[in-house]
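Numbering (the working numbering) for the sequence shown: 102 to 542.
Think of the hints as simulated: they come from the structure by calculation, not from any bench.
None of the values given here were measured: they were computed from a predicted structure.
Mixed in with the good hints there might be a few duds.
Unchecked claim - If you anchor each label on the Cβ, the simulated ranges turn out as follows:
#1 Thr465 <-> Tyr297: 44 to 54 Å
#2 Thr345 <-> Leu182: 29 to 39 Å
#3 Glu289 <-> Arg460: 31 to 41 Å
#4 Lys213 <-> Arg400: 19 to 29 Å
#5 Asp479 <-> Leu182: 18 to 28 Å
#6 Asp109 <-> Asp330: 38 to 48 Å
#7 Leu203 <-> Arg415: 13 to 23 Å
#8 Ala486 <-> Glu291: 48 to 58 Å
#9 Thr513 <-> Asp411: 15 to 25 Å
#10 Leu214 <-> Asp330: 45 to 55 Å
#11 Pro209 <-> Asp109: 27 to 37 Å
What the hints assert, rightly or not - No farther apart than 25 Å at their CA atoms in a straight line, the calculated lysine-lysine pairs in the BS3-like style are these:
#12 Lys396 <-> Lys228
#13 Lys228 <-> Lys314
#14 Lys122 <-> Lys228
C-beta atoms are modelled at their ideal positions from N, C-alpha and C, and glycine is treated no differently.
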Amino acid sequence: MISAEQNDLITRVGPEAPAGKLLRRYWQPVALTDELAGERPVRAVRLMGQDFVLFRDEKGELGMLDRDCPHRGADLAYGRLEGGGLRCPFHGWLFDTKGTCLETPAEPVGSKLCTRIKQSAYPVVEKSGIIFAYLGEGEPPAFPEFDCFVAPDSHVFAFKGLFECNWLQALEVGIDPAHASYLHRFFEDESTDESYGKQFRGASADSQIPITKVLREYDRPEIKVDSTDYGLRLTTLRELNENTTHVRVTNVVFPQAFVIPMSSEMTISQWHVPVDDHNCYWYAIFTSFTGPVNKEQMREQRLKLYELPDYTSRQNKRNNYGYSVSEQNTQTYTGMGMDINVHDQWAIESQGTIQDRTREHLGTTDKGIIAYRRILVDAIERTQAGDSVPMLIDQAQAATFSGPPSIDGVNTSGSEPETYWREADLKRRRESTWAAARLAK
């Protein structure tokens with residue numbers, strides 16, 4: 102258990118909240134590139150309790166500004182894209198992507214008012230189908246050269262979804278390897294030939310064993326947590342027999358992302374981004390080591406669950422997440438359908454919009470969550486003291502990062518788990534055109 106004060110410390114994300122100040126020191130996903138497609142590339146964004154407008158100007162340059170016009174507070178998300186920027190419809194004030202006021206047309210001829218006006222603007226970049234923004238002070242950190250950021254566009258696919266709960270409990274479900282044996286338990290195994298784009302539906306690497314079978318029948322995993330330069334590595338072992346072990350390696354990238362295996366050919370890099378204290382988006386980049394990603398299929402699969410324009414789930418607390426007694430008795434552990442995102446959504450939203458951690462009792466399998474919270478609290482305290490924190494890296498440091506390795510496979514060699522997953526990761530990279538090119542550097 103932790104105190105109510107400690108719970109507030111690690112969950113609240115407003116501009117003056119300690120965790121909010123920490124998270125503002127890092128790049129945050131704010132939109133999918135797809136969201137700025139079409140004839141009007143303007144999007145309202147709410148991030149960590151603040152409101153912004155994201156847009157692409159007539160030259161294709163991205164900008165993100167405070168959403169309220171500095172004249173009299175009108176909503177710039179309804180602005181007109183013209184004249185080299187975004188124009189407020191109220192009185193025609195015009196702002197470029199850097200927040201510079203270009204015109205105040207209702208003012209008298211010769212007025213110099215616009216030279217004294219500056220709207221707050223924030224750095225934005227596109228990476229692998231996601232637009233990231235930086236809200237902090239000073240220079241933003243560099244992006245580590247992880248697989249999701251260096252793979253060619255053809256080999257990555259980005260998507261997102263809304264969770265109606267605090268960002269931290271959403272992140273913590275992803276660093277809990279034990280829950281998959283229960284929350285994501287399927288009583289029957291589908292053909293792994295039809296598993297493309299579906300998590301936990303394929304076969305583990307180096308085997309023909311469906312991952313669903315492994316999770317269902319071997320539900321007492323051994324979990325090891327190691328500190329790394331990017332955060333944490335979790336190695337989860339399930340002993341299938343005397344000579345065979347299922348090995349799953351997942352990662353926490355500080356401050357709020359995880360990198361996990363989706364299948365033998367694809368990994369998922371996922372961020373949990375606060376909208377405010379009570380809501381968050383997950384943003385994911387799916388990275389393929391084999392052929393190009395079938396983006397149309399991946400998108401169609403996910404749009405069966407998520408509704409545009411806000412990427413809200415069709416199965417949610419207002420319709421009991423599609424819960425079926427019959428299904429719970431015969432098909433799935435939850436009775437909430439075949440999409441594991443719904444399972445996760447129920448688990449974390451049912452805790453309340455901010456989990457009351459004064460009432461929790463952690464067990465041995467929660468060691469990853471315990472380790473992460475320690476890093477988080479330490480980083481918050483360091484931020485308050487003006488000290489350095491993990492992953493605030495420059496470009497030279499960014500080039501030293503790779504991976505991180507994310508493996509789900511079956512070790513039959515009798516070697517140590519670390520030897521197995523390192524060899525499996527290297528083998529996958531050598532067989533991948535884009536990843537093999539990086540090995541040669």
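**Report entry** Structure versus earlier hints - violations, ascending order
**Finding:** 1, 2, 4, 5, 6, 7, 9, 11 and 13
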